[in-house]
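Produce the complete structure using the sequences and hints provided.
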Amino acid sequence: MITRIPWQAAVWRPLRQRSGASVLAIIGIALGVALGLAIALINIQAVSDFSSGLRRLSGQADLALTAPGRGFPEHWYVRLSLSRGVAVAAPEIRLLAPVLHPAHKGMLHILGIDAFQAARMGQPLLPFDRHNPLAVLTPEHIALSPAALAHLGLQVGDTLTLNADGQPRTLRIIGELPDVGGSGAFGVMDIAAVQWLWGRVGALNQVDLRLRPGTSIGDFLAQWRDHLPVGAVLQSPAQQGRVAADASRAYRVNLLVLSLVALFTGAFLVYSTLAMGVVRQRQQLALLRVLGLRRREIVLAVLLQGAVLGLPGALLGLPLGVLAAWLALARMGGDLGAGYFSATALHLQWHPGLMLIFFVAGLGAALTGAFLPAWETSRATPALALRAGAEEQASQQHQHPWIGLLLLGLALAGSLAPAIHGIPYLAYGAVACLLFALLFLLAPLLRGLTRLFPLPHAPVWRLALAQLRGAPGRAAQSLAAVVVAFSLVVAMAVMVGSFRDSVANWLTDILRADLYVQAGMNRDSFLPHGAAHQLCALPNVRACSPLRRVTLNLLPGHPPVMLLARGMDISDPERELQLLHALSVGPHQPPPVWISEILAGTSGWQVGQVIHLPLGGQERVVTIAGIYRDYAYQEGSVSIPIQQYRAWSGDDAVNGVALWLRPGAAIPATLRDLRQTLPDGSRLLVATPKEIRLKSLQIFNQSFAATYALEAVAMVIGLLGVSSGFGAQTLMRRNEYAMLRHLGLRRRDLRTLLFAEGSILSLFGILIGGALGMAISVILIEVVNPQSFHWHMGFHPSWPLLLTLSAILWLASTATMVLAGQRVIRQTAAVLHDD
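Sequential numbering of the sequence shown, starting at 328, is according to the working numbering.
If you are wondering where the hints come from, they were derived from the structure by calculation, not from laboratory data. Mixed in with the good hints there might be a few duds.
Distance condition first, Cα-Cα at most 16 Å in a straight line; then the derived EDC-like pairs of lysine to aspartate or glutamate [said to hold, decoys possible]:
1) LYS1017 with GLU901
2) LYS1022 with GLU901
3) LYS1017 with ASP836
4) LYS1017 with ASP896
The following label-pair restraints were derived from C-beta to C-beta distances [unchecked claim]:
5) HIS784 with ALA634: 48 to 58 Å
6) TRP523 with LYS1017: 49 to 59 Å
7) GLU467 with PRO1006: 14 to 24 Å
Keep in mind that this is a model prediction, so the values were computed, not measured. Quick reminder that beta carbons are idealized off the backbone N, C-alpha and C, glycines included.
Rendered as structure tokens:
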């Protein structure tokens, strides 16, 4: 019974005696709970706001017919509005427009609506000011959402200049739209004005439908499923939200798992703290056993120590997590830089159930870290535990390396297993198995490493290495949390560094032109008509490649993919693509296209397979001639010769042009020719490969800001483990140091001994943690990333960064050992007298 446990003697007093280590363990749990809760809150808020914003913008719509790219002919709106079962049909055009004034404000989402049908649909797309309800029908008028007004720094009545189909268009802001949470920054115009200004006359890309009462959505979908425009999808707003959420699910799960690394490390910190604590408390617990406490009560006493550490840690982590989520949403938006959701700052909402889950997780992590020390302590024989110097002997008795080997086997099996519903759950389990295997294999590894090195001739260093040889179990207890934290830091650093180097190498390989001219960074930014031909005809240009970007619906239940129509040579596609697999397509086969590695992984398509592309209102039959690497488009891409695209689609618009200069031609002179040839050349984005590479890597760093923060927190917890484990080991051995002092060692000899032990132990921790981190990074790079995102990367460890992290850990370890030993050295006489 719990009432039989002497609370003061068995639970509270041991923690008070190790107050420093206890506080560090509480902080470790708090950081783990805070980080995991923050990421989970951000994920839930981003998906919730996106879905609710989509539903509110849809008003009372039951279904929406959508098509990316150029959309579909507007006669489909007439057909649907006259269809039996449809009460209201509201046509829309959605596109992205570059903002020219105010400058440097990026892109603005534009919604072209039929104001009368939108009002019937109940869509919040009309401005508050209704004094002139027909003002929105004027082509030069626009209404902006509150987020757009705030982002642009404008007010009602101001003017705004957009790039519309390659031409600057100045619009007057006539009103502010109702606030629709999660919809971000957007503007609303009359649909006819958008069609005219952006060259979309006769085209739509969305029609919202509200069905008549009694009409079944399922029956309506079945009726129209085989009669939709080519490339269009008919689905409910809820289904649209699920598609968007599923597209980001792998990213969100991956980020959440990485955030739980801190909580996992906190559990090992609790383990290290209590493992060292029960060694110091061993005789007291053995005496309690002699006085009548049973084994399960000893287990419960140590578990209560873990609960005392976990309870305040979890409680402290909850407000810290909410604060971290609020700051991240305010600065980075709901996508944390990944680009899945709007980067507009979201309003954080309370999720008591989620907070309860992470409170329980924090408490559970502490109890998990306490279980193994509790179980090992309960198995100790009281008579043996009461003897002085029996700690290491008992530690050796309770080592079970076969469990560690079994966990290694499970880790290997998990790393070879396929993903489950697109998420590599078993690969994550393999990482956990590797970390838990460390608990059972660390002492044997330390024993083996110490025997690999010969005993040095210097007496103090010889004594330090001999001590580690004789007591590897005690050293393993103090080193466990440090090794785990360092291994996870190494794994994340290697994974992110490898990905960054792979992206840099990919950019170097594909950016082979001398200049790149773009109208903007999205598919709705076009060069002025005829500008591409003028650029290719510049005197210094020897070759050029125009580019057209169009989105296509290729895979049911997945977001649209990007079609890249390039001025590519079919006989030499590697001029613009980094091919991974390729074959030659014969003249009697369907025309060739090339798909990205991501699209190949998502669809399961292979080289040589015949597929259909929805272009020009028809299903075009093509042959996959190759698979190429592409990190730019997260949902996948298809590359096709631009001549073939124009022949099928009739679309001669161009988003950008790559220019190869003649030998000896100077870039500044070419830029002068460009601006003289094109009157609006100053509005174009012109960049060299070096500039694009630099900007892309800056975007990469922003996208991985959350991962960098996770690395930093894991490193902080590792340093907490250093302070806790090494400090506790030094204090626990004060009798040993006092005896050495009595036998003739000087104080400076003891300091040298402490430095030697700290250096050797931290070196072994760095070697073991580094090797474990490399193994985990291989799983992350070769299994987790391909299964989650369908891309591959090279293995490129950043050795300078790893050496820097190792040096920090070594300095912290040796400094902790020496500083903790200073107090012990000063008290050697008193300690020896008491002993």
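Hints and how they fare:
no. : hint                            : in the structure
1   : LYS1017 with GLU901             : violated, 20 Å
2   : LYS1022 with GLU901             : violated, 23 Å
3   : LYS1017 with ASP836             : holds, 12 Å
4   : LYS1017 with ASP896             : violated, 24 Å
5   : HIS784 with ALA634: 48 to 58 Å  : holds, 49 Å
6   : TRP523 with LYS1017: 49 to 59 Å : violated, 40 Å
7   : GLU467 with PRO1006: 14 to 24 Å : holds, 22 Å
Figure legend: structure checked against the earlier numbered hints; hints not met, in rising order: 1, 2, 4, 6.
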